[in-house]
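Protein chains in written order, with this note's numbering: chain A, 166 to 411; chain B, 166 to 411; chain C, 166 to 411; chain D, 166 to 411.
Any given hint might turn out to be false.
Copies of one chain are not kept apart here, so a pair can be met inside one copy or by any two copies together.
As the list claims (entries may be wrong) - Okay, derived cross-link-like pairs now, SDA-like style, lysine to any residue, Cα gap no bigger than 20 angstroms in a straight line: (1) K402 with V238; (2) K257 with R405; (3) K296 with R349; (4) K282 with G259; (5) K282 with L401; (6) K402 with D326; (7) K387 with R370; (8) K319 with P299; (9) K282 with N240; (10) K402 with R258; (11) K282 with V237; (12) K387 with S311.
In short, the hints are calculated from the structure, not lab data.
Protein chains: 4
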Amino acid sequence: MSNAASEAASSAIRELVDANHILFDQGVVDGFGHVSVRHPERSDRFLLSRSMAPALVTEADILEFDLDGNAVVPNGPAGYLERFIHGEIYRKRGDVMAVVHSHSPSVVPFSVVTGTKLRPICHMCGFLSGKGAPIFEIRDFAGPGSDLLITSGKLGAALADSLGEGPAVLMRGHGSTVVGTTLRQAVFRAVYTEIGARLQMEAMRLGPVTYLSEEETIGTTKTISTQYDRSWFLWLKAARNSAMSR
Amino acid sequence: MSNAASEAASSAIRELVDANHILFDQGVVDGFGHVSVRHPERSDRFLLSRSMAPALVTEADILEFDLDGNAVVPNGPAGYLERFIHGEIYRKRGDVMAVVHSHSPSVVPFSVVTGTKLRPICHMCGFLSGKGAPIFEIRDFAGPGSDLLITSGKLGAALADSLGEGPAVLMRGHGSTVVGTTLRQAVFRAVYTEIGARLQMEAMRLGPVTYLSEEETIGTTKTISTQYDRSWFLWLKAARNSAMSR
Amino acid sequence: MSNAASEAASSAIRELVDANHILFDQGVVDGFGHVSVRHPERSDRFLLSRSMAPALVTEADILEFDLDGNAVVPNGPAGYLERFIHGEIYRKRGDVMAVVHSHSPSVVPFSVVTGTKLRPICHMCGFLSGKGAPIFEIRDFAGPGSDLLITSGKLGAALADSLGEGPAVLMRGHGSTVVGTTLRQAVFRAVYTEIGARLQMEAMRLGPVTYLSEEETIGTTKTISTQYDRSWFLWLKAARNSAMSR
Amino acid sequence: MSNAASEAASSAIRELVDANHILFDQGVVDGFGHVSVRHPERSDRFLLSRSMAPALVTEADILEFDLDGNAVVPNGPAGYLERFIHGEIYRKRGDVMAVVHSHSPSVVPFSVVTGTKLRPICHMCGFLSGKGAPIFEIRDFAGPGSDLLITSGKLGAALADSLGEGPAVLMRGHGSTVVGTTLRQAVFRAVYTEIGARLQMEAMRLGPVTYLSEEETIGTTKTISTQYDRSWFLWLKAARNSAMSR
């Protein structure tokens, strides 16, 4: 970031650093995965760490990108190979203010099976569509021998199309991408997508599952959307008190 | 609480704070879930934290409520949306002195399946009825498009009816509520409901399961009821030594 | 213990305290479960903590019992309800120098199913009999409505009969008891019985399993029996560095 | 090591100590398992700890061996019983610079079942062959009653044959061995073999699985091979900040 970062941008950067640490501490990201926030003053830009493990990100590591995935300050450190996920979703979805991409372990299995969709199993996961999360099959866009990564604007746009108007898209053999209208909502959804996937796997082994109805996904999402800060400040304390913060 | 809290009330508050921290440290609650205790001197009131993550609760956060879920001291901080769970159970069940509501992860799967009941699989879980824990289907009381939460006295009363005379009731797509004649018993039961659910899921995948007989649930409950303090003080030390207490 | 404890007894007590802490840190015991060692100088006595959570045991908590389960020093603190497990096994099995009783979570499921036995799935678990661990059904000895606990010498003797000449016996709806010719062997076996049970559950879900042959259980046990200290000192450091030791 | 260890050897030893600690902290090894690196200046030698738990290894514990598994400095501390795994793989595979042998818990189940192979399920595991990891059946080489361990050059050579040109070989009822062209690659592969095995077990329970195609394993491996340091330095910080490092 330039030295002239506004107060709004500085505040966004600080919260983005916290989000990186929370997502690691909650088991959503490991050495890989990334989280971005749209620039608070320029809707055609977003903030994202340079290419590194989220747990280790500091304010100095946050870069500013345009929607094509170009760093605003040239000749800086390398960005994530998959920064196009973020730019293309911000381009297509004016409502989205934050994006989390991860390989969270309970979600990957749902990305590689047919006939079983990730669905909203409890009120905390009501934001997941009752019809099941879409799965992005990269073979349809990058051919049969890709590296499965979203390494171009073209692939990012295809992923954004697959996401549609929803909160989450699974990526076959790879992971998932979750969005929010605020950073805290996106982080909340990323954590509870992982939790919900785990619950669904366990429930399916017990017998036929009653998922939330479409109406219930609306009701629960409305109520739970008032509660993000309760988790945010808990997770923030947990991340700051963790061994990784020593 | 008013400054004039009696010694009995102060003692109950301190133990309730410990219970909040224990339930988080043992994985029963995360940012959500709550635990209450009936007021030691006024059976028509109960003590419960303001709306916040249990791990962060301090004595100053404990509020006093009447059984309708109204805070005794007006214009205070917001209470939990679902405080009606507590009030209505205390109203209906004179024997109950403490209530734990949670989304503990091994129990939720049992709330969404039909044909498989949560049952007592070992002596530590003997308090679970041999007939299987009842499941509260909120659609029967709040219609097909609710937010699944117990946000009124009417819904709280329906949940209390579903609980009946038992120790636990599952809530479809939501979680569970466990009660006790003491706070330590309720906490013990909440932890071992989660443990028992996990054991049952694993056992069912191995083959046909022999559950405790009705007679055995009585025998084990009687003996184990003398042992709560052994777990309580272990869990208390674990919570106090945890990273969250730094 | 009396002040006149010999050096051998004092050394045994110190190691027994370590064993308590290790078994908790490795997830074999929680608030419940217990470990004993035969008295190094009197084969008709054994050392066992007073009734308390293993993680919190100190040298001052270790009591001396005769094989009938009577404390040698009268009017002391209460012993475990199930101390008869230890006394009766020491009586029947002259080769046994240490006993671990636990409810370790991956083993309990094997205690409640028929048709699936806990078997040696890898070289670290070679000590488990190729024929599968026996299951003690307490209904056969205490009737249909017991508390499932080994609360008398008669039940302890029946459990010891069920154990036979083996290293481990499962107890239906309860847990397991593992023995060793040294304390370190018994602790090692208790940890790896839990690990082996977990591995077997996972493997059985993948397809038909090749277990160790009877010959392989002999070969692996002979070799691994030279390696206990490698785990012991690792686990000891882990226990001492854990949050519970602060 | 002799006092005259070159700078290159000293550097390799320091990194090897880090690798030991990382593999423990990431759950790949427990008290058992070992990791080696080929000597940086003598391709006919390798560096490996004396026989001890990896978490406790220090620079002073690293020994130098020839490819027959003989310690270069005689009369030193005992080496691992299975050091022949390392020597024979280095002999057969000139491209291999590091070897990890472990009993990582999600991989062992795949070693004991027939009809289900460990396969590349996501881009992070693309290095696993699309045909499935080979399984080494020691009965074919050591007869029906062995201790399952690779305790001779002959068995090590047979294991190396089974590994072939691949990155990993499973060992029935025992564990796995993973190799790399650098130490960081071998450690990365060992961690992600464990993660991939866990993901595959979960996915198989959900429905038919789409694995990476052969072409995709090539594409993903090429890209991910540029990213090892991102995980390495994260894991190194985690290991150094862990309770075991106090």
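Here's how the hints hold up against the structure:
| no. | hint | result |
| --- | --- | --- |
| 1 | K402 with V238 | neither (33 angstroms within a copy, 29 angstroms between copies) |
| 2 | K257 with R405 | neither (34 angstroms within a copy, 43 angstroms between copies) |
| 3 | K296 with R349 | neither (24 angstroms within a copy, 42 angstroms between copies) |
| 4 | K282 with G259 | neither (27 angstroms within a copy, 45 angstroms between copies) |
| 5 | K282 with L401 | neither (31 angstroms within a copy, 37 angstroms between copies) |
| 6 | K402 with D326 | neither (36 angstroms within a copy, 38 angstroms between copies) |
| 7 | K387 with R370 | neither (30 angstroms within a copy, 33 angstroms between copies) |
| 8 | K319 with P299 | within (19 angstroms within a copy, 38 angstroms between copies) |
| 9 | K282 with N240 | neither (43 angstroms within a copy, 46 angstroms between copies) |
| 10 | K402 with R258 | neither (31 angstroms within a copy, 37 angstroms between copies) |
| 11 | K282 with V237 | neither (39 angstroms within a copy, 47 angstroms between copies) |
| 12 | K387 with S311 | between (39 angstroms within a copy, 10 angstroms between copies) |
When each numbered hint is compared with the structure, violations occur for hints 1, 2, 3, 4, 5, 6, 7, 9, 10 and 11.
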